[in-house]
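Peer 1: Take each chain as given, in its own frame, and dock them per the hints.
Residue numbers (my numbering), protein chains in the order written: chain V, 1 to 205; chain E, 1001 to 1222.
Be aware that one or more of the hints could be misleading.
The calculated lysine to any residue pairs, modelled on SDA-like cross-linking and capped at a C-alpha distance of 25 Å, are [what the hints assert, rightly or not]: (1) Lys1010/E to Glu1092/E; (2) Lys1010/E to Asp108/V; (3) Lys1010/E to Asp114/V; (4) Lys1010/E to Val125/V; (5) Lys1010/E to Ile1051/E.
None of these hints come from the bench; they were simulated from the model.
Take a look at the letters that make up each chain.
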Amino acid sequence: MLFSYPILALDAENLACSRGGRVIFEGLAFRLGNGEAIALTGRNGAGKSSLLAMLCGRLRADAGTIRLEGVTESRPAELSHLVGHRDGLKTALTAQENLAFAQALLGDPALSPDEALAAVGLPHVAGLPVGYLSAGQRRRVALARLLVSRRPFWLLDEPMSALDLSAQVMLTGLMRGHLAQGGAILAATHGPLGLDGARELRIGP
Amino acid sequence: MTGAFLAILKRDLALAARAGGGGELALVFFLTIVVLVPFALGPDLNLLSRIGPAILWLGALLSMLIGLDRLFQGDEEDGSLDLIRASVLPLELAVLAKGLAHWLATGLPLALAAPLLGLLVALPSEAILPVVATLLVGTPALSFIGAGGAALTAGLRRGGLILPVLVAPLTVPVLIFGVSAANAALGGTVPFRTPFLILCAISLVAIVIGTLAAAAALRQSD
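Just chain E, with the same shape it has in the complex (with noise of 0.2 Å):
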């Protein structure tokens, strides 16, 4: 069971990996956001520096949607979700190993590009370390909330459209305690501790709902 685990896991890092996986396409596309948004904001180096933290979770929250609904539809479509039903391990394992091969594929590069990107939106060096905090703790809620949605529209052909609908009022809560906490730590009245710790109990709720949430759905899809 632990063998195919590690094999869907090994699979999918390495199909994200081979060209047009996925995983540089968020990067780029995060890139492409977080450069954008100076521009139209114009050289105001304090404003800029004021909301940093929330333009990188915005670009990242954004970027980790882009090629969520192939998360499935891909294997749906080529007939390995069905190798993947016949195998003994539980779809719910199943899924929770494409889950964290989705976050070390996106959300894990995304948190570490986040310095770097934090330099185009004059980000202050104190609050480097809490953005990319937040975003290692807050991403793998993204990418599980996502996997209910894409195993929803795996069998839709332009599921790409419906999908950032049907996720984006979910992952609310995780872009407010994921914000709040890196601005915590610029300083403010709450202490960077508790919104944190927000966001990991809300990290580790969407990973166990999401998980059934989309094995119940692939069970479901015909």
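One chain only, chain V, in its complex shape (with noise of 0.2 Å):
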């Protein structure tokens, strides 16, 4: 049985962002719905990352609202996978026991560490801990999370940074699995994610 999210949307009215008292974005508005992914684009310091920050909790928007569609008792950050530029992997541990721990910690469990390794073609790393990887390995590491556990909103940034060309086909194909499912992407990147229909939103000039 092929499993699919339930009807659920992302909508963000009128956020601002201010990082050390200068004012980075205002005014910003989207709405993120099933099967749906937007490419987040922006020139360096455009505000890309903080937005992705704010909608995962961890900084506040200064004004303007995030609201959940369809559910009403889950903060945004609770439905969210973020794979960002710091990869949340223990250098210490194995990549196998990252994903362990990211499995117990999110909940919602879809396919096994061992499993999700195989996905991003990385199954003979298991056992190793992270600390002796490369970089574009521990970014594969990193978007393994994402099958781990099932969570409808992928927040990405710059997913495609680091990795080569045989993975970035792999994780193409990762996201048009996931929004087949219904689910959905917000991706800041500068390059093509190479999904089709992926709506652009531009923030700054």
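Peer 2: Right, here's the structure in full:
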């Protein structure tokens, strides 16, 4: 039986962000529903990562609201995966242990850590401490986190960085699969995501 | 939710057990302090055994502060804190799990090592059990008072220097009642029970307030 996410939407209105007293963006609005993908673009320092940090609960919006439609009792962060520059991996733990921790912490288990590592093409590093992996391999382990527990919103910060060509193709495939299940993706990016029908949300000029 | 709580606890204990985890660092520091004191004071066994409980308590307190700055800083730097924020587990319970793991990896070994180090300061045999008991109930307070400070300094690069200055004054009541309970067992007008129960109360209050304060500080940080 195919899994599919319930009807959900992330609705942001009139968001404003300032860092260190300087306004970075204001009046930002978007709606992200089932099966939709948004490519978040803008020059360096436009506030792409800050927007993702707001959605995952690390930063507070200076103005505006972020609402979830379809659920009443969850914060947006509880339904989201974040894969960003800080990969959330402990270098002293193995890839498998890192993913098992993420699965226990985030809940809603989907693939097992070993299956997820196989899906991102790293079945052979499961027992290695993450500190021994290359930047691209670490990024892949962080992306494997998307697969160990089921969350409808994927918030990705430059997901293609450090990935080789085959891994980029792999990630595009994962994103397509997620959208087909009714998931949604918001990805800050400078390059193409390879997704048909992805909208572009541009921050700043 | 229980699963997430246990996951954090288990992960932090595993990290403390790995190389560079910090658990053994506190123990070695404790040993260093207690070994050095007799050299500084000279071979006066009576003096040593009279101030033995105080030395052990002071050593334990300073050892707890060592490495405390990494409690949240490591998670903040590598993004694990975002992962914890994305869990359904309330931040307060996540802090509780991390504080508990810190105590299990640091405070508990210190308390258990105290009888052995007591030999170095000529601790009288009737004082060994009281010292261990006071350290067992007093060190959780240090872990959780420290957690509040560690959460405040999580985003600072050199938080390790500020943290002891911030936290040490708050640990004074723990030190006073810990040492006075341990000394009461050696004789005196105050029974062991009175300061010991106050120490227990301080620990319980510190666990609650420290947890809430640390979670509030982590919410504010950006």
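Peer 1: Evaluate each hint against the coordinates.
Peer 2: Consistency of the hints with the structure:
1. Lys1010/E to Glu1092/E: 17 Å, holds
2. Lys1010/E to Asp108/V: 19 Å, holds
3. Lys1010/E to Asp114/V: Cα-Cα ~19 Å, so holds.
4. Lys1010/E to Val125/V: The given pair, whose Cα atoms are some 22 Å apart, holds under the 25 Å limit.
5. Lys1010/E to Ile1051/E: Answer violated: Lys1010/E to Ile1051/E is near 38 Å, above 25 Å.
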